[in-house]
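**Student:** The hints should help you fit chain B onto chain A, whose structure is shown.
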Amino acid sequence: MTFGPAVGNVGMYVARELLASVPEEKRPTYLALVSQIADLKYQLGVEVARQLPRLLAEQDTDLVARYLQQVQEVAKVGWKSSVEVAKQLPDLYDAPDPNLARAYVDIITGATSGRDGEDAGSSELQSELDRLEVEIREMEPKIQRAQELKSLLASRDRRDEKRKKHAVELASVLPPVLARLRPRYRPLFLELVQQIADADSEAALDGADTLLDLLNGERLSQDGAREWVARGLQVLDKNAEVGRGYFRLGSKYALDVVEELREGLALRGVARILKLYATALCARDVAIRSTQEMYSLEAFGADHIVLPPDMRYFDDEESNFTAYKVATAHGAGRIEFGTYDFRIDEIDEVVKHLESRYGRSPA
Amino acid sequence: MAVESQRVQDFKLEKEPYYLPVGNEIELYEAAYHAGLPVMLKGPTGCGKTRFVEHMSWRLGRTLVTVACHEDLTASDLVGKYTLRGDETVWQDGPLTIAVKAGGIAYLDEVVEARKDTTVVIHPLTDDRKILPLEKKGEIVQAPEGFHLVISYNPGYQSVLKDLKHSTKQRFVAMDFDYPKPELEEEIVRTEAQIDADVASKLVKIAEKVRNLRTHGLEEGVSTRLLVYAGQLIGKGIDPLAACEATICKPITDDLDMQRSIVEIIATQF
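Protein sequences appear in the order of chains A and B. Take the first sequence: its letter number 305 is residue 305 in this note's numbering, and every next letter is one higher. Take the second sequence: its letter number 206 is residue 206 in this note's numbering, and every next letter is one higher.
Don't read these hints as lab results, they were simulated from the structure. Every residue, glycine too, gets a C-beta built ideally from N, C-alpha and C. One or more of the hints may lead you astray.
[As the list claims (entries may be wrong)] Beta-carbon label-pair distances, calculated as ranges:
#: 1; chain 1: A; residue 1: Lys-252; chain 2: B; residue 2: Pro-182; range: 48 to 54 angstroms
#: 2; chain 1: A; residue 1: Ser-221; chain 2: B; residue 2: Gln-269; range: 25 to 31 angstroms
#: 3; chain 1: A; residue 1: Arg-343; chain 2: B; residue 2: His-216; range: 25 to 31 angstroms
#: 4; chain 1: A; residue 1: Ala-283; chain 2: B; residue 2: Glu-30; range: 31 to 37 angstroms
#: 5; chain 1: A; residue 1: Glu-263; chain 2: B; residue 2: Asp-176; range: 49 to 55 angstroms
#: 6; chain 1: A; residue 1: Asp-341; chain 2: B; residue 2: Gln-269; range: 24 to 30 angstroms
#: 7; chain 1: A; residue 1: Asp-341; chain 2: B; residue 2: Gly-23; range: 28 to 34 angstroms
#: 8; chain 1: B; residue 1: Glu-219; chain 2: A; residue 2: Asp-209; range: 40 to 46 angstroms
#: 9; chain 1: A; residue 1: Arg-343; chain 2: B; residue 2: Asp-239; range: 31 to 37 angstroms
#: 10; chain 1: A; residue 1: Arg-226; chain 2: B; residue 2: Phe-270; range: 40 to 46 angstroms
#: 11; chain 1: B; residue 1: Phe-270; chain 2: A; residue 2: Asp-315; range: 24 to 30 angstroms
#: 12; chain 1: B; residue 1: Pro-182; chain 2: A; residue 2: Ile-347; range: 31 to 37 angstroms
#: 13; chain 1: B; residue 1: Pro-182; chain 2: A; residue 2: Asp-209; range: 23 to 29 angstroms
Pulled out of the complex, with its shape left as it was, chain A reads as follows (with noise of 0.2 angstroms):
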């Protein structure tokens, strides 16, 4: 396919042999005509520059000025009728009743554009919908807030729920829990229990469990369990899931805590040290357990040396040590030279021995 040369600003060319099928001297009207149509719309343009090399070579002007007046009258109401009409009135200008395209003209027109009365009605319609929408727009942060206040309000009253549930819990777990608990202890427990369970009920049931075992097993002193506490209560108020990790010693932060409160010298960071000290010094392999261990029946066993979990006799660390160290020779000393090994079947025997070692007879 050729083209021709470009029409108006918008690009569209003219097919080269429609170009060479107008008389050269009317060619610049032609162009200029089509450029004209093509400004209305492209497509438009199109068809008018197929047609009007037709009208141009029957040298009427008057023809090609009505032929361009209708169908921009037909454009101006609808693009697309415009373009079947500019195809079609060149024929029916060979008609033998010149009214024919007047009327054809005016029945397309009348169809693209409606009856006014129309019209009319659809300008009100719009202008409803758009106050409406304006209104649903000015709506759309009230709807959004209600739906917020209702998770809100559910959200709460499963929380209300999930508390009386858990307050029920710790109803049943303290009395036996305060059984357990040293009575000294007791008077401090309630009142760190109740501090928890005011902020958050799930984290007293842990709390109270985790708290039995600090001041039992003395891991902590009263002012030590206080502050850890409070420092429980700070995490909990930022964040409840973790605030419950927190006191229920499932966090390293919480154990961290302990073990910064942690008065004296803990023996579990040096059991090892104190069972090669203790081996090296009585040449059996001697096995280092904490008094809070003593349930288990084989803590007695003759090579074991039992100690405090902590040691606080001391302020400092070194002298803490050196207190274990002590007790830990003490105790080695013993299995070195068979404290543990005493039977009662064999008193006489020993006895025996000390008369015939020492050279008097027992009182």
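**Tutor:** Chain B alone, transformed into the frame defined by chain A:
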């Protein structure tokens, strides 16, 4: 040859190395030497194996060539090799060949560390042939009267892969060495470190306790050599606790708990 003669002379011990017998090891060694039987010394690090061989070398008046074996030591390193010297290729005897030719004592320390091909070389020296084949030179050296082969190894830390083969072990008279009894060790430490008896006694007591940890994470106990080092540092005026920490504690373990417990053991004496 002048070079070799010079080297053999260097290996002759002029001064008696201090050695305190802990049992019948001197009589046993002398008997094995006179019977031409190779000797294998077994024992932990620093218990006196090398000093014993030095002592026997001086006692028997033989030169001593000691080879500290390592994992890259080959048979060529032991017997010798051709080397370039100026424009010519000359044969350079290895330490074993030097010892064999000189009729001295060849002492292969920690022999299991050496490559396997070294055992092939030492086997003919251990039986009644007493020969050393120099394959590359196409020569066989007959060991003269007085040559003696001694090997040592530490069964405590040798891996299964590095153990000596039975065909090798059963060519030697084995002598077990261990840390001396406390009174002997005290005497050794006192004499070697030139310290008073009380300090030597304390050092030996520490060693006894620390050696109890051998099956509890400590690969080897404190050697007599380390006790002598500790005594020497104390003799030079170093604080006993610091001297013991530097010689008895830190060289034998990197385990911090173990170090702390050893320091506490030291603190019971100093």
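**Student:** For which of the previously enumerated hints does the structure constitute a violation, in increasing order of number?
**Tutor:** The structure conflicts with hints 2, 9, 13, although it agrees with all the remaining ones.
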